[in-house]
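Participant: Chain residues, written in single-letter form:
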Amino acid sequence: MTLLYILLGTVFGFVLSRSGASDYNYIQRMFLFEDFHMYGLIGSAIAVTAPALWLLRRSGRTTSGRSLQAAARPRHHGHVAGGLLFGVGWSIAGMCPGPIFVNIGEGKIYAVAALAGALVGTGFFGAIYTRLQAPLRLPPLAVGTGEG
Amino acid sequence: MPLILNNALPLHWAVGGAGIAAVTLCLLFVANRRLGISAGFEDVCALVVQQPYFARGSLRAARPWRLPFVAGLVLGGFLSAVSSGGWEPTWSLGMFDQAVGLGPAGKLAWMFVGGLFIGFGTRLAGGCTSGHGIFGLSNLELPSLVTTISFMVGGVVTTQVLYRVVFN
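In the order they appear, the protein sequences are chains E and F.
Start counting the first sequence at 615; every next residue gets the next number (the numbering used here).
Start counting the second sequence at 23; every next residue gets the next number (the numbering used here).
There could be a bad hint or two in this list.
[Stated by the list, open to error] Listed next, with one range per pair, are the computed distances between beta-carbon atoms:
no., chain 1, residue 1, chain 2, residue 2, range
1, F, S105, E, L617, 43 to 51 Å
2, E, A741, F, P126, 28 to 36 Å
3, E, Q747, F, S105, 43 to 51 Å
4, E, T677, F, S105, 41 to 49 Å
5, F, V187, E, A661, 33 to 41 Å
6, E, I742, F, L69, 14 to 22 Å
7, E, L617, F, L69, 15 to 23 Å
8, E, F650, F, V179, 16 to 24 Å
9, F, A83, E, G674, 27 to 35 Å
10, E, L617, F, V37, 38 to 46 Å
11, E, G679, F, V122, 51 to 59 Å
12, F, L124, E, G679, 53 to 61 Å
13, F, A77, E, G679, 28 to 36 Å
14, F, V179, E, F738, 17 to 25 Å
Hints in this document: simulated from the structure, not taken from any laboratory.
Glycine included, C-beta positions come from ideal geometry on N, C-alpha and C.
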């Protein structure tokens, strides 16, 4: 299975690289409303995934016959604050998490610094999780904010 | 508009969108995993630091797929470079170079700061563009809609301020 995951990641990385999703200019032009491309990309991905996902959920089984794990994520108050902070970072770096890894593969040296920052930010979040729990009504530590 | 990468022409957005959907669906239908990349930061952190938050069961259960997937992302970027004109380390950053003209050290600092926001923000929100924006929205999940609107607002405001005010 590990090989399958590497293969899927490779295809995903290739598509993110060639579709503009890992391109600083395309991200800025999306946020400047100067280019429809990224909206078309994300919109068409959802337009294909959503109905197929609905059909898969109706059958409720994977290829190996296991019951499908697509339960909704835990709800908490970190979605707005976390989303806003992530948006600021996406704009500054011109990359969201997937493209950070893709850009490193492409040879964009500065992407290594974005990854370092992301890991430090993640580590800091993990370190102060219990202190954020009450004010943001985050789920118990064993559950976490969700594996998105 | 050509990509920064080798000045290559990008795929049509509909082709890219179909590719993203194909991987998302394949991951769920074959491997029973919901797409989500930013938790990969936690997987990497868990390899280095011992923190209770990174030792929780739900995260550990996903590690056997997410770490190889993330390694694949790097490989995919590499293959994309090789097949579009060759792989070569670069500092080129498109519009940013024209607007600001920072050197390598400045770019590293700039990207590190961006990364801090990305890491902290995605983990607080429990997902990023892939987990909330693609999978969550396709699965009609309310928290994903809230998160997606929030990160689009954060990105739009920041870029508008940077490119229409600060860099002008």
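Participant: Taking the beta carbons of F:V179 and E:F738, is their distance inside 17 to 25 Å?
Facilitator: holds (23 Å)
Participant: Kindly confirm whether 53 to 61 Å is satisfied by the beta carbon distance between F:L124 and E:G679.
Facilitator: This hint holds: roughly 54 Å between Cβ atoms.
Participant: Tell me if the beta carbons of E:G679 and F:V122 are separated by a distance inside 51 to 59 Å.
Facilitator: holds (55 Å)
Participant: Does the Cβ distance between E:Q747 and F:S105 fall inside 43 to 51 Å?
Facilitator: holds (47 Å)
Participant: May I ask you to test the hint 28 to 36 Å on the CB atoms belonging to F:A77 and E:G679?
Facilitator: holds (31 Å)
Participant: Please check whether E:A741 and F:P126 have a Cβ separation lying inside 28 to 36 Å.
Facilitator: holds (30 Å)
Participant: Taking the Cβ atom of F:V187 and the Cβ atom of E:A661, is their distance within the range 33 to 41 Å?
Facilitator: holds (35 Å)
Participant: Tell me if the beta carbons of F:A83 and E:G674 are separated by a distance inside 27 to 35 Å.
Facilitator: violated (20 Å)
Participant: Is it true that the C-beta distance of E:L617 to F:V37 lies inside 38 to 46 Å, as the hint says?
Facilitator: violated (25 Å)
Participant: Does 15 to 23 Å hold as the CB distance between E:L617 and F:L69, or does it fail?
Facilitator: Since E:L617 and F:L69 have Cβ atoms about 21 Å apart, the given range 15 to 23 Å holds.
Participant: Quick one: are E:I742 and F:L69 within 14 to 22 Å, going by C-beta?
Facilitator: Check passed, 20 Å falls within 14 to 22 Å.
Participant: Has the hinted range 43 to 51 Å been met by the Cβ atoms of F:S105 and E:L617?
Facilitator: violated (21 Å)
This entry does not satisfy hints 1, 4, 9 and 10, going by the numbered hints stated previously.
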